[in-house]
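Q: One-letter residues, chain by chain:
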Amino acid sequence: MRNFAVLGISCWSGFMLMALELLSGRILAPTFGSSIYVWGAIITIFMLALSIGYLIGGKLSMSEPQIKVLCGLHLLSGLLLLPILAFEGPVLDGIFDYTQDPRLGSLIASVILFFLPAVVCGTVAPYAVRLLVKDHKDAGFYAGLQFFFSTSFSAAGTLLTSFYFVLIFEVNQILLLLMGMTIAMATTAFLISRRSA
Amino acid sequence: MKHAVKYLALSLMGAALWAQPAAAELRTIHSEKSLYRNIFVTEDGDLRCLTFRRASAGTRQTCITLKDPLYLYFPYARMMMGALYLNPDPKHVLIIGLGGGTLPMGIRSLMPDAEIDVVEIDAAVVKAAREYFTFKDDPKLKVHVEDGRVFVKKTMKTNTKYDLIMLDAFEDDYIPEHLLTQEFLQEVKSIMTPGGVIAANTFSSSGLYPYESATYASVFGKFYNLKAANRVIWAQNGELASQATVDANATALESKLEQRGVNHGMLMLMLNGRDDWDPKTRVLTDQYSPSNILNSQKK
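Respectively, the protein sequence lines represent chains B and Y.
All letters in the first sequence, in the order written, are residues 1 to 197 by our numbering.
All letters in the second sequence, in the order written, are residues 1001 to 1299 by our numbering.
These are calculated hints, taken from the structure and not from any lab test.
Where hints are given, some of them may not hold.
[Stated by the list, open to error] Label-pair ranges, simulated between beta-carbon atoms:
#, chain 1, residue 1, chain 2, residue 2, range
1, B, 1, Y, 1186, 45 to 55 angstroms
2, B, 58, Y, 1137, 47 to 57 angstroms
3, Y, 1174, B, 1, 42 to 52 angstroms
4, B, 172, Y, 1174, 17 to 27 angstroms
The beta carbon of each residue, even a glycine, is placed where N, CA and C say it ideally should be.
Please construct the entire structure, taking both the sequences and the accompanying hints into account.
A: The following block contains the structure:
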């Protein structure tokens, strides 16, 4: 039951991350266009954030790993979508006043808007692996399982967002939906793990 | 028997040669992979074309006839140039999307003193237009290699206004979605002079049609809607020129435009006077702009 909760969070974290990355292109396009530089900046910042998140998550998992910490990290990644919703407009206007170069501008915008939620998404993977592994002989198996679920749900998040969600919802509605689902997932996982503990 | 085989082979070869000329003449004289797409320049007799993605005729962006490069080969280019009927003497022109450069060259040849800004996202397209399509910069004709929306946003920070804006940034089946939203059109409108004209080259028959129409109507109100294989919208910042004004301007321009292939009567036949879309259609915005998905759907 506990593993179920850990993998559930892994799935949704992967889904949310890639849905966010896809939307970030839409969020930046009105200000910095959709040239190859803008996508380059977005992907760079997401990759950088994830790599730092992996380090932090791994470090956190060293001392008394508990599922409620994983739930907390997941909840935090969802809550960090709120600043995007609240400040996207003024942040982008401010950056455009400062620089009109799409390369620098979209790098700065990606750092301010998307860096923190992506870092926190990154912490989930190593922390989840640590919770799943009981014996070092199983470490590779559980790491593979965690990567499988989070990455396949990343694929689903990308596809559903780009093919279907954008056809029905506004960008901000999708962000709210992602945020709501993340909070719900973190809460459900927390309740499940408490009951089974 | 041997002779018969030889004869058969020869006659087959002959048939093949006979059948070939039309297809074999389409030569690719330049090809290049740019940051955004594959670019081909093809030649078929007197016709030279710029093609994206594949060297087949289906995706031609621009064509010129070598003996008269100023002749507008594609109906859409004539429809775009027809926007001069609304304002026959623009002094300051913005063209978003270069292609082979037939629109800026056409405007330049008609208005030697007009200041023209061209925005093109792909530097390789600019190079191809210069080398293969007689496109030429001059002190009053500048090319800016950047995203169209970024250029418009930058212009908003200055006092620059345009009398004529030509939007020609859509590929045969790809739309930069941030160039077809209510916010973008409002930004464009804000850099137009009072009475300034916008001509937009878009699509005539897909699921996108009503959405695009509702979006243009939400910003410009009534507009002229020309439909052929492409769709061209003529709209104005302020009151739309009356049919009488259009006809009068067309008559005045006739001698210059006729030789380019722009025919007043033909364009008026393409004019669609009715608002043939559901007025309750959802407007495309920066928050909601699934233009490419809508464009791939049937009407």
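Q: All the hints need checking, so say for each whether the structure fits it.
A: Verification of the supplied hints:
Under the hint 45 to 55 angstroms, the C-beta atoms of residue 1 (chain B) and residue 1186 (chain Y), about 54 angstroms apart, fit the expected range. Restraint check, residue 58 (chain B) to residue 1137 (chain Y): a C-beta distance of roughly 55 angstroms satisfies the suggested window 47 to 57 angstroms. Roughly 48 angstroms separates the CB atoms of residue 1174 (chain Y) and residue 1 (chain B), a value that falls within the hinted 42 to 52 angstroms. Between residue 172 (chain B) and residue 1174 (chain Y) the CB atoms are about 25 angstroms apart, so this pair conforms to the stated range of 17 to 27 angstroms.
Every hint, counting from the list given before, is met by this structure.
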